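Q: Listed below are the residues making up each chain.
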Amino acid sequence: MASQKMKTPKDSDKYSVLLPTYNERENLPLIVWLLVKYFSESGNKYEIIIIDDGSPDGTQDIAEHLQKIYGSDIIMDTILSASLLLGTAYIHGMQHASGNFIIIMDADLSHHPKFIPQFIRKQKESGYDIVSGTRYSGIGGVYGWDLRRKLISRGANFITQVLLRPGTSDLTGSFRLYKKEVLQKLIEKCVSKGYVFQMEMIVRAKQLGYSVGEVPISFVDRVYGESKLGGNEIVSFLKGLMTLFATT
Amino acid sequence: MTKLMEWLLGLSLIGILWSIVTFDLLDLRISDQYLQVAWPLPIYLLVTFGCYSLAVVGYRVATFNDCEAAAKELQEQIQDAKRDLQKKGLHF
Ligand SMILES: Nc1nc2c(ncn2[C@@H]2O[C@H](COP(=O)(O)OP(=O)(O)OP(=O)(O)O)[C@@H](O)[C@H]2O)c(=O)[nH]1
Ligand SMILES: [Mg+2]
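Going line by line, the protein sequences match chains A and B.
Final position of the first sequence in the UniProt record's numbering is 248; the numbers increase by one with none missing.
Final position of the second sequence in the UniProt record's numbering is 92; the numbers increase by one with none missing.
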């Protein structure tokens, strides 16, 4: 290679963090601050790609301000689909991604950037195609959930494990690291919307023979802003589960 | 093969084995003693699986970690972040 310095794999790997946002003006600066903090500490190359869905609350102004503060490490992308199709947001975001790894996480502070260095270490350990955060194993867990929500979550997870035997413990979580080409392939294959999308991604990944590593994470319920996934989550979960049961 | 097919296959295998024994389809002359165990077997299996499921889910709900420390750490970091960002000119 032409560079004078011997490049170790660690030097050449770059991580693009995709942050889909919709009305996250309070959370966005905080999550960006935390990302910058942990990436500066770990020394990995990175960029943050904010994919805003035309939020009416001024999330984009905040994003532009953050761009001024942190420079070109932060990239803005605005889409106006407002379709709740997170897949669309990821496709958009990936067009700007220059990293060879993609990290997908929520911008609502439920997914803490302190786990990213662990994801990276895990990935390097065995060359995993995907590293998934898990709330359900080891020291993983949640904060701010009542008994009912815990019961639904554990029950749904159990049914999924029995019916699909996916070989990963957390299917609906969306805090994951992907090799870029793997994510591209998966997004092409996955057709579900919203919530079920995450489940389909990991099930299809397993089906296609990609290797998945897991890192226990603590999931802290959002402090600011509102949840966008209201409505009938249980019904859409069951529908998605049945679809995957019949098609994978 | 889809998961649905795997399940159907598994269930029909069990069903066939069960009918062979219970209705003595192959004329194996299975003794009454065994027959009495065999015919309610699917129900036993179902009940056992139900109990197992309840136990597992119950246990996992009870042992679901509450990440108090993580929530506290996040709160502290939010305060630090706000102070620092304000210094950098971002107002909340
Ligand atoms: N670009 C884009 N981002 C979205 C859209 N809907 C939600 N998001 C973002 O996706 C992430 C996850 O959404 P949440 O509303 O937190 O969904 P959730 O985590 O399942 O629900 P709670 O955390 O319980 O509120 C957040 O960062 C949202 O801002 C959308 O339509 N477009
Ligand atoms: Mg959330």
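Note that these hints are calculated values from the structure, not bench results.
Keep in mind the model is a prediction, meaning the values are calculated, not measured.
Fair warning: there could be bad hints in the mix.
[Said to hold, decoys possible] Below, in silico cross-link-like pairs of lysine-lysine (PhoX-like), each with a Cα-Cα straight-line distance of 25 Å or less:
#1 A/K37 <-> B/K3
#2 B/K82 <-> A/K114
#3 B/K87 <-> A/K68
#4 A/K189 <-> B/K3
#5 A/K114 <-> B/K3
#6 A/K150 <-> A/K185
[To be verified] To spell it out: a stretch of chain B is covered by chain A in this simulated footprint if at least three of its residues, at any positions, have a beta carbon under 8 Å from a beta carbon of chain A; those stretches are:
#7 1-9
#8 79-91
Think of the CB as a built atom: it goes at the ideal place given N, C-alpha and C, for glycine as much as any other residue.
Q: Now tell me, hint by hint, if it's right for this structure.
A: Verification of the hints:
Restraint check for A/K37 and B/K3: the C-alpha separation of about 44 Å exceeds 25 Å, so the hint is violated. A threshold of 25 Å between alpha carbons decides the hint, and for B/K82 with A/K114 the separation of about 18 Å falls inside it, so the pair holds. A distance of roughly 14 Å separates the Cα atoms of B/K87 and A/K68; the hinted pair therefore holds under the 25 Å criterion. This hinted pair checks out: A/K189 and B/K3 have alpha carbons roughly 18 Å apart, not beyond 25 Å.
Between A/K114 and B/K3 the CA atoms are separated by roughly 36 Å; this puts the pair beyond 25 Å, and the hint is violated. This hinted pair does not check out: A/K150 and A/K185 have alpha carbons roughly 33 Å apart, beyond 25 Å. As drawn, the stretch 1-9 of chain B meets chain A at 4 residues by the rule of a beta-carbon pair under 8 Å; at three or more, the given contact holds. Counting residues of the stretch 79-91 of chain B whose C-beta lies closer than 8 Å to any C-beta of chain A gives 7; at least three are required, and the coverage claim holds.
The structure fails hints 1, 5, 6 (numbered hints given earlier, in ascending order).
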